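A.B. asks: Below are the chains, spelled out letter by letter.
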Amino acid sequence: MTTATSTSTAARAAAIVSQYFSAPIASLEATATLLGTELAASGNLGPLSSQQLDALVEPHALATVSLPDVHIYGAGFIAAVGLLTDERNHLSWWQGDDPKRLLLAAQSVNKEHIDYSELEWFRVPMETGRGHVAGPYVDYLCSDEYTITIAAPVHIDGTFVGVAGLDLLIDSVERQLLPKLAELGDKVTLVNSVGRVVISTDPRHATGDAVRGGALAELERTACEGVALEIIAE
Amino acid sequence: MHSTDSADAPRKSAVVVDDTARSRDASRPGRLQGALFQSIGDAGRAELVERRLASAITGGHLRAGERLPSENDLARSFGVAPTTVRESLLALRSQGLVVTRRGRNGGSFVADSADPVAHARTALAATSRVALRDLGAHYAAITAACVRLAARRAVPSEVQQVRSRLGRLDESDLEQWRSTLDDAQIELVALSQSARLTREQMRLQAEMSPMLRLIDVDETSRRAQPVLLASVVDAVEAGDDHEAVAATERMVDAVINALIDLQSQSR
Chain A
358 MTTATSTSTA ARAAAIVSQY FSAPIASLEA TATLLGTELA ASGNLGPLSS
408 QQLDALVEPH ALATVSLPDV HIYGAGFIAA VGLLTDERNH LSWWQGDDPK
458 RLLLAAQSVN KEHIDYSELE WFRVPMETGR GHVAGPYVDY LCSDEYTITI
508 AAPVHIDGTF VGVAGLDLLI DSVERQLLPK LAELGDKVTL VNSVGRVVIS
558 TDPRHATGDA VRGGALAELE RTACEGVALE IIAE
Chain B
126 MHSTDSADAP RKSAVVVDDT ARSRDASRPG RLQGALFQSI GDAGRAELVE
176 RRLASAITGG HLRAGERLPS ENDLARSFGV APTTVRESLL ALRSQGLVVT
226 RRGRNGGSFV ADSADPVAHA RTALAATSRV ALRDLGAHYA AITAACVRLA
276 ARRAVPSEVQ QVRSRLGRLD ESDLEQWRST LDDAQIELVA LSQSARLTRE
326 QMRLQAEMSP MLRLIDVDET SRRAQPVLLA SVVDAVEAGD DHEAVAATER
376 MVDAVINALI DLQSQSR
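As they're listed, the protein sequences go chains A and B. Heads up: the first sequence begins at 358 in this note's numbering, then just goes up one per residue. Heads up: the second sequence begins at 126 in this note's numbering, then just goes up one per residue.
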């Protein structure tokens, strides 16, 4: 059932969602370009160590996590396998309310040897050469929470060297975005590109559920410009 | 069996002190509170840092020869003073788990002699059969809860990712074999979309994984595992939550039985 009301609600909801994600995505894309330039420059001076990489990434990561209006939980750069001289895999990643560099070896569950090259937020930007919104998914490598990761590939002279990324916790997205969607009055559900509920103003639609097979599956979806998420209005 | 995480140990003991103190001297809380809220001190912390690193090394999560992060990085990450990290590294050195090299490429490294399989063998021998069964029960309960949700929530392309990971299992490298199976297991349960359950599964996986290396050596047990896991994956993909749970129970039973068999052979 699509009425004129639900169509205009969907369009307004989609605009709110686009607006919410626009600053983090713009910041991330700028970081990816800058990092590519800076990495190329330091690469000219010789092979790169993890410590040198961390020093390059840190100011960008800290600037991203302190963006106003949108609560960003973590940000940084994940190196492609073999980029660095001293470590095969390396996460140059800052996270938390008082952002600290993520140190996998210090975590209670050992994650040092998780192969991240197959994880969506790394694999898709690597394969397509374009930015990607992954999730919501349980991020068992970095945040340990239910997360959306936005990632953009970093290239040096056309060669893929890793991804710049940022994490938004669904907990924060719900707190920040749901009140704005609720103001529209109608029932509004935000889903990702595989049809998974991100948040919904209808408490019956649980975050994480798939819309397939349910009442929402048949309804029209409205794309949110600039971010691969869709609105279903009832 | 070693515990994989003991970070909350001092908090628990602080609570115990609180209870006894209150019942003994309820009328004078003021004076006791001073002692109660005193800093737990870095002495206990050094031991916690030591235990966490030791279990990472004996569990094979930090490998022989691997460089540890710098003292300052570890200190920042654990939220303790650098001297505390130094103290715990000293203790690890005296246990022969860590070596320190000086010079330009110096630092602390996991000792070449630190053999996780030997540690796992000792741990398995020291674990009672009832404790093994109970570990299996805990593991099966968490995994079953995860795959039940995953069967309802996962989309086919996500399940396909798990399957393609299983496709890269390589029997010629048992270390790769174990980490690939562990990764596939975690990737599958994360499809539950539950962060709490996935974290719990990761703790259990870290506890089980060193012992599973012991049964990986046996060709029959080794080859049975991906087949059993694949049947869970199939059920999740088909959206059949009952079968996903049943297949999980078969998988965990097989693993625990193999561990118990191994234990009784070596006794």
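Treat the hints with caution; some may be incorrect.
[Unchecked claim] What follows is a list of derived Cβ distance ranges for each label pair:
no., chain 1, residue 1, chain 2, residue 2, range
1, A, Thr485, B, Asp259, 42 to 48 Å
2, B, Asp386, A, His428, 48 to 54 Å
3, A, Pro560, B, Asp259, 48 to 54 Å
4, B, Thr252, A, Met483, 41 to 47 Å
5, B, Ala243, A, Ala412, 38 to 44 Å
6, A, Thr485, B, Ala206, 26 to 32 Å
7, A, Ala397, B, Asp259, 52 to 58 Å
8, A, His428, B, Val352, 51 to 57 Å
9, A, Arg445, B, Val352, 50 to 56 Å
[What the hints assert, rightly or not] Among chain A residues calculated to face chain B with C-beta under 10 Å, some are:
no., residue
10, Thr394
11, Ala397
12, Glu444
13, Gly565
Rather than coming from a laboratory, the hints here were simulated on the basis of the structure. Computed from a predicted model, the values in this text were never measured in an experiment. Each residue gets a CB set at the ideal place from its N, CA and C atoms; glycine is no exception.
A.B. asks: Now look at each hint and say whether the structure bears it out.
C.D. replies: Hint by hint, here is what the structure shows:
| no. | hint | verdict |
| --- | --- | --- |
| 1 | A:Thr485 x B:Asp259: 42 to 48 Å | holds (46 Å) |
| 2 | B:Asp386 x A:His428: 48 to 54 Å | holds (51 Å) |
| 3 | A:Pro560 x B:Asp259: 48 to 54 Å | violated (38 Å) |
| 4 | B:Thr252 x A:Met483: 41 to 47 Å | holds (42 Å) |
| 5 | B:Ala243 x A:Ala412: 38 to 44 Å | holds (39 Å) |
| 6 | A:Thr485 x B:Ala206: 26 to 32 Å | violated (45 Å) |
| 7 | A:Ala397 x B:Asp259: 52 to 58 Å | holds (55 Å) |
| 8 | A:His428 x B:Val352: 51 to 57 Å | violated (44 Å) |
| 9 | A:Arg445 x B:Val352: 50 to 56 Å | violated (30 Å) |
| 10 | Thr394 | violated (27 Å) |
| 11 | Ala397 | violated (26 Å) |
| 12 | Glu444 | holds (8 Å) |
| 13 | Gly565 | holds (3 Å) |
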